[in-house]
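Enquirer: Listed here are the chains, written in short residue letters.
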Amino acid sequence: MSKTMRRVGPPLLLLAPSLLLLGVFVYGLIAANFQMSFTDNHTAAQATGQAPAAAVWFDNYTALLATDAFQHSLLNLLLFTAVFLAGTMAMGFGWAWLLEKPVKGEGYFRSIYLFPMAVSFVASGVVWRWLLNSNQDEQASGLNRLFQIIGLDFLQNNWWNNVTFGIIAIAIPAIWQLSGYVMALFLAGFRGIPDELREAARMDGATELQLYRHVLFPQLSPVALSALIIIGHMSLKSFDLIMSISKPANYQTKVPAVDMYVFKSSFDYANAAAVGAILLIIVAAVIIPYLIHTHREEKR
Amino acid sequence: MRINKKSAGVAASVAVLGMTLAACGGGSGSGDADAEGGADQVEVFTWWAAGSEKAGLDALVGVFQEQHPDTEFVNGAVAGGAGSAAKDLLQTRLQAQDPPDTFQAHAGAELQDYIDAAQIEDVSGLYDEFGLTDAFPADLVERLSTEDGAIYSIPSNIHRANVMWANPAVLEDAGLDTSAEYEDLDAFIADLEELDEADVTPLSVATTWTQVHLLETVLLADLGPEAYSGLWDGSTDWESDEVTGALEDFETIMSFTNADRDGLDWPEATQQVIDGQAAFNIMGDWAVAAFEEQDKELGTDFVAVPSPGTAGTFDFLADSFTLPVGAPHPEGTEAWLETIGSLEGQTAFNAAKGSIPARTDADPAEFSEYQQTAIESFANDTIVSSLAHGAATPVATLNAISDATSKFTTGASDLDAYQSELAAAAQG
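Protein sequences appear in the order of chains U and C. The opening residue of the first sequence carries number 1 in UniProt numbering; numbering runs sequentially from there. The opening residue of the second sequence carries number 1 in UniProt numbering; numbering runs sequentially from there.
What the hints contain is simulated information worked out from the structure, not anything from laboratory work. Take the hints with a grain of salt, since some may be wrong.
Said to hold, decoys possible - Okay, derived cross-link-like pairs now, DSSO-like style, lysine-lysine, Cα gap no bigger than 27 Å in a straight line:
id, chain 1, residue 1, chain 2, residue 2
1, U, K264, U, K237
2, C, K54, C, K87
3, C, K87, U, K264
4, C, K87, U, K237
5, C, K54, C, K296
One chain only, chain C, in its complex shape:
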């Protein structure tokens, strides 16, 4: 009996030890078995797990399966937190050298960290192979290229950040022009003052990133596209008087926003315009889905115009796909990237998601009324990169700018301190 007990204990501990070792060894070997560059499958890592984003991905997969029937699509979508959960997991996987075959990332400076870390490959060769250099606008290709001419991702869609949404009924009640287009910020601020007396929130805004989004449109309006772009390559001085003026306007505009902003995310702020609690909201064109889902008609129930003072400029951001270093199925990735860049892929995806294709040869008739206006602007306007969405600066700079903005809008720092914190953030 005694011996039995003892040997049972030993057996149990050996078993536990065995399981531990098995558990430790498990992760590393799994990817290697089929890592022969195979085109048999592709794992696509996104945060498109719900709503119009999910619909877009599904449409894209439909085209992919037609174009590449031999390659299996593996959905690596991670839901939650507007991509923050996915980005966290991606960071871990890349660090552990267990990359997906391709992952979604905002095109532009946000990719810089992955490039510096040698985690993604130059795909400029594929641009020639798929004929994308001619299909995409030259402005865009230039913006995607690094200084030495390499391109690290293929965009699937284009979003516009400088859009202002307005509720014409609210404007009418306050006796204002319902078309809501503003040449400059002074005219806009004058109307905000009128609205403030009319018992509605003049401008709705949400948590820090949407405040940074607002800041970016204000900077763009006051500085103009050229000086705005200069903020990100160092040719515009952050300490200059022009920037001070823009920040003063930002301070004034923020004083006309809702008090509970820090607790909201963008859909709740946009909803205030839909419900008529607020007159204006400045948000990217993904907000159009919120209006359309609630059967609102462009022109009658809501107005979408370039944010004040930014007409003629297209503040862009793009989702794009990469080829990670050490991807287990690089040929599968190439197949996926070909579909992403193709006319059919871009048309199917964007018609469902609400954004617009990066290709200039897409047929506008296949898209909604708002999308058609965006397609036209994208073809004709000056293109600048969005700050709040990773196109203009690396993540660390954006985080520092967000911190400074939150500090300023909660009243913990004054304008001078804010400006020098922004200047320090931009220097990195």
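Chain U with its partners taken away, still in its complex shape:
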């Protein structure tokens, strides 16, 4: 007994503060959030206990999911995620592939591509709000003006003010910002593949295409998966970029995170918590299979 204590005690003591903090401030608060989302706490009076709040279990969820407004938010989130993911993966891989061959001034390009990531979403959002100005023709500014100057007038559009696809315009700055990061991940992946493997493949008569298909891509797939997970969960949580380009009340760019903010500022804590819980469930649906997958890999 005392022997185990001596073996386990100090590490446990060392871990205790972070376990305690995680327990209270992460898992405890998640539990509190779920508890709140199961009540009918929709007014300021209920939030302070001046009026009674009752448990309504899943009513808030079913009511939310049934409204057009929230379905619109979810659809926006889906569109945003799809375009953001596809865009960053394509751009990131493309750049990595170009830089992977010995290029003059590679370090220089690497910094240029990676730099946008150092800018905060809020700061770049301010600039992109101007670039994505929806005025056209005489009053155009930003990208629409650029299209006029280079004679591509037909490319002018109203960007994020389109009701259905507006959210995709906001995915553009997100792609601009994170492609460099995906590039760095892929570049590290490429560098991790020993030259001997490529030479061996070439000796065996593999064409360049076959080399990529059968030698390089299989070794890059763990990198691709991590990139997908990282970008995917960032997209689900994205709020700051959308808020700094658009405004919380703008219908065309609403996503669940914005709904959560608006509910909270209307003192509707139950619905805010329910939206938060839905977001958590969506993120978990992405992350948990990944965690299980990596856990299995490590065991092997």
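Take the given structure of chain U and dock chain C to it, following the hints.
Expert: Leaving out everything else, chain C in the frame of chain U:
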């Protein structure tokens, strides 16, 4: 060596644990030490951190320090987001029962949430003590009172929401009357059409809240002050044909506005009028500061008139100060509220901020030309409450109306759907 390492680890973890506990315990005790109702200080929570608002607050503090030299003023101003950052922090502080001694809030229905949550005190006693019941217009006092006669805040200033700003040079180029006063919306819409052909934006507008602001002036114009006020107490039917007509006018007017509206905030929309890119802008009278800062003269460089069809009505909103439940220095708060309500305080504050005093006994000569016209209207016109600025409805209703409006103006819903969404929003 080994033992050393181990004990160092234990020491480190104990230290971390200690710091954690200290951090957890820190927040709660701080306010209690001096909580004896002391008049020694007052923390004033506002979002007046820049521009004319900051100048107004500074002027107010000057008067406060003369009137109450023993009470220390603690500035709790939170900058950013036109008050949204401050409101968020305030919500958190009130919820955690750590209220400031007094906070700024729009007078009227916006206070309802705080009242329902029992977070602010009835200050009607102070109205008698400071003689404010006679100093403020009866219309205003009635609007500030709840149904059972309680009043929860003291206004520091009055703003007018139904003001239309126009650029006379643009109007002249289009061959229109430069005085720009309109009896009704039909005449206004006819001129918007003419302007539309003249290659300028007829009416500039900005993001959702300014569209709600526009909607409110359109409702006021078409329904008249009485039916407009009825929208907020349930006596006017939101589903009625009159409202449908007003919403049709709103749709028509919105079709004459700039395409990039959703990305702008009010100063950018007002700037379009100043720069001559747009002919008209409907915005509250805080916009006068934007014109004056750029050395524009009322009457020659810009025109400020009641928004079309609303002459004789004063669509009001007011900043006001409260006494939160459990304020650490209630006597300091009383001192602050006395200054807020006093003639000197209101004069100093409003001369700097550009709004007008709530008191009727202020001397108009101390204010600017625009302010003098507003003072006169406030004394003589019918007063109604602003929707977009929290005077007419609680926050949740306003948010629902904003959502419906944004949906409608981006083209995601039609007029019928919009009207029923508004009706649902007003019912809460």
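Enquirer: Does the structure keep K54 of chain C and K296 of chain C at a Cα separation of 27 Å or less?
Expert: The hint holds at about 22 Å.
Enquirer: Keeping to a limit of 27 Å between CA atoms, is the pair of K54 of chain C and K87 of chain C held or broken?
Expert: 17 Å, holds
Enquirer: For K87 of chain C and K237 of chain U, compute the direct alpha-carbon distance and say whether it is at most 27 Å.
Expert: 23 Å, holds
Enquirer: Starting from K87 of chain C, check that the Cα of K264 of chain U is at most 27 Å away, please.
Expert: 11 Å, holds
Enquirer: Are the Cα positions of K264 of chain U and K237 of chain U separated by 27 Å at most?
Expert: Holds, at about 17 Å.
Comparing the model with each numbered hint stated earlier shows that all of them hold.
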